[in-house]
Amino acid sequence: MSEVRVAEQAAVTGFEEFVAARSTALWRSAYLLTGDPHRAEDLLQTALVKAWRRWDRISRKEAVEAYVRAAMVTTYTDWWRRRWNGEVPTGELPETPVAAGSPEVRRDVLVALAQLPRGQRAVVVLRFFDDLTEAQTAAALGVSVGTVKSQTSRALVTLRTSPLFSTYSSDGDES
Amino acid sequence: MTDTDLLRGLLEQAAPDRPDLDAPSRAAAVARRGRNVRVRDRALVAVAAVSVVAVVVAVRGVPGGDDGPDRVTPAPPVVQAEPCPAQPVDVSTPMGVLDLEDVVAVRACPAQDAQGDPLPTEALVGDAAAAFAEDVEALPAYEMPSQCAVMNLAPQPWALQVQTGDGTTYVVGSTLRSCSSLAIGGVERGDGAVVAAFEGNLDRQQSGAPGPLSCTAGEQLYEGPRTGTWNASFAPATATAGIVCFRPDPNGSREYVRWVGTLTDDQLATIREDLAAHLDSTPPDGTCTDTGPQRLLVLENAEGDRAAYIDGSCTGTFGSARGYWKPSAASEDAIAAALGGRLNR
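These protein sequence lines map, in sequence, to chains B and S. Numbered according to the working numbering, the first sequence spans residues 1 to 175. Numbered according to the working numbering, the second sequence spans residues 1 to 345.
Warning: the hint list may mix true and false statements.
Some chain B residues close to chain S (C-beta under 7 Å, calculated; not the full set) [as the list claims (entries may be wrong)]:
hint, residue
1, Gly35
2, Arg39
3, Glu41
4, Val64
5, Arg106
Some, not all, of what chain S presents toward chain B, calculated at C-beta under 10 Å [stated by the list, open to error]:
hint, residue
6, Thr4
7, Ala14
8, Leu98
9, Asp102
10, Pro118
If you are wondering where the hints come from, they were derived from the structure by calculation, not from laboratory data. Even for Gly, the Cβ is constructed at its ideal location relative to N, Cα and C.
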């Protein structure tokens with residue numbers, strides 16, 4: 001086998017391994033961004049396509065997840081400008097309901113997140129679900145750390161005044 | 001508990017544990033979308049180049065030029081396969097000069113006096129349409145097999161509507177699917193091979209990434225792999241993996257220990273070299289009834305592209321979309337070794 005073919009095979013294998021290892025976690029983030037499993041799949045696939053096309057040029061494989069996450073959130077925040085772009089996720093999505101877990105919590109969280117502008121929603125997901133630092137969040141969104149701080153602050157103000165916090169805080173006795 | 005701790009917990013609960021789509025399906029879907037995007041981008045570059053020329057001409061034609069457009073934003077060209085003609089296509093007359101330049105979509109359309117199984121109605125678009133054109137252009141010049149001289153052929157009209165990047169459509173078709181040819185790109189191509197190229201690429205477009213190499217479950221080996229691996233543009237020299245399958249002659253004796261075997265690197269290298277050097281367009285002389293022993297070789301390259309080579313004519317020659325191959329003694333030994341060795345010799 002030539003070195004070129006070995007490299008090509010390694011690239012294909014590397015991408016599939018990455019998808020197998022990390023795409024569920026990324027999809028969960030996409031779900032919190034979009035609030036819809038199909039749009040989450042589309043958003044994730046859109047970001048993965050960008051990584052797939054650059055796979056041989058992403059020199060540090062440990063940076064792939066950061067790359068995909070950044071592509072995902074910037075695509076998400078960009079969608080409002082371009083509206084829905086008409087892409088549909090492929091791969092025969094089954095018509096099964098989202099896995100049951102906490103349907104009430106899910107509903108209430110999605111309602112609360114829907115009140116946030118997209119930039120703030122992305123910051124909330126990156127900071128408090130993906131556990132990124134402010135600097136990592138800023139890098140993913142392509143904004144300054146100051147912007148991340150201010151958007152985080154505004155998002156928390158909005159969420160604190162929403163029924164979400166009052167319902168599920170320890171005082172609310174439903175958590 | 002702080003507000004942010006509460007928020008972390010709620011987000012964790014709100015996100016479903018797992019998506020509906022499994023990772024392999026997602027990886028395959030992403031690769032498919034990536035290829036489509038690549039084709040779209042190529043077209044966009046072409047459109048942009050035309051637009052730049054148009055803008056330059058326009059600016060030069062307007063004194064001052066300050067009122068010209070400040071941005072060229074061509075709409076992304078989305079390939080939309082044109083519908084079939086309103087009436088069934090007459091394919092009984094010569095089609096004229098055909099080529100497959102800049103193909104962006106291909107769909108089967110009803111032909112006049114259609115008989116036999118209709119072709120699928122879904123269109124090939126983007127990469128899959130380009131791959132169809134590539135496959136047809138890679139078909140060897142057609143040579144009529146000797147058995148055609150003694151066959152009574154029933155008409156099976158078929159028509160494919162080919163669409164090019166500028167929106168032009170034309171029809172490729174014929175009244176027969178075997179023992180007949182039509183000129184495409186200045187070369188006579190077998191009718192059946194053109195239809196098979198359409199069906200094969202449609203199969204690949206629908207199925208995405210193929211599963212592991214395997215033999216068909218049925219007794220007729222050629223029935224399983226024909227569509228998805230009927231792949232004229234596959235270059236044997238690029239094969240990186242292979243499998244060989246065997247079905248004995250039900251009226252005869254077994255020839256190999258096993259019915260399926262994966263080629264080792266050495267066996268693959270032997271077969272690859274022989275096949276690449278000795279694949280030609282000359283069909284073998286003679287044939288046999290369909291009860292003879294069958295052998296099937298399926299090769300795969302690093303991109304997941306596959307091609308099938310079938311020996312079912314009692315001649316010891318493997319046929320494929322790209323031509324015919326009579327294995328050398330070393331290749332026969334490699335096949336036998338992959339199948340666990342020979343019996344009754």
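query = For which of the previously enumerated hints does the structure constitute a violation, in increasing order of number?
reply = Violated hints: 1, 2, 4, 8, 9 and 10; rest satisfied.
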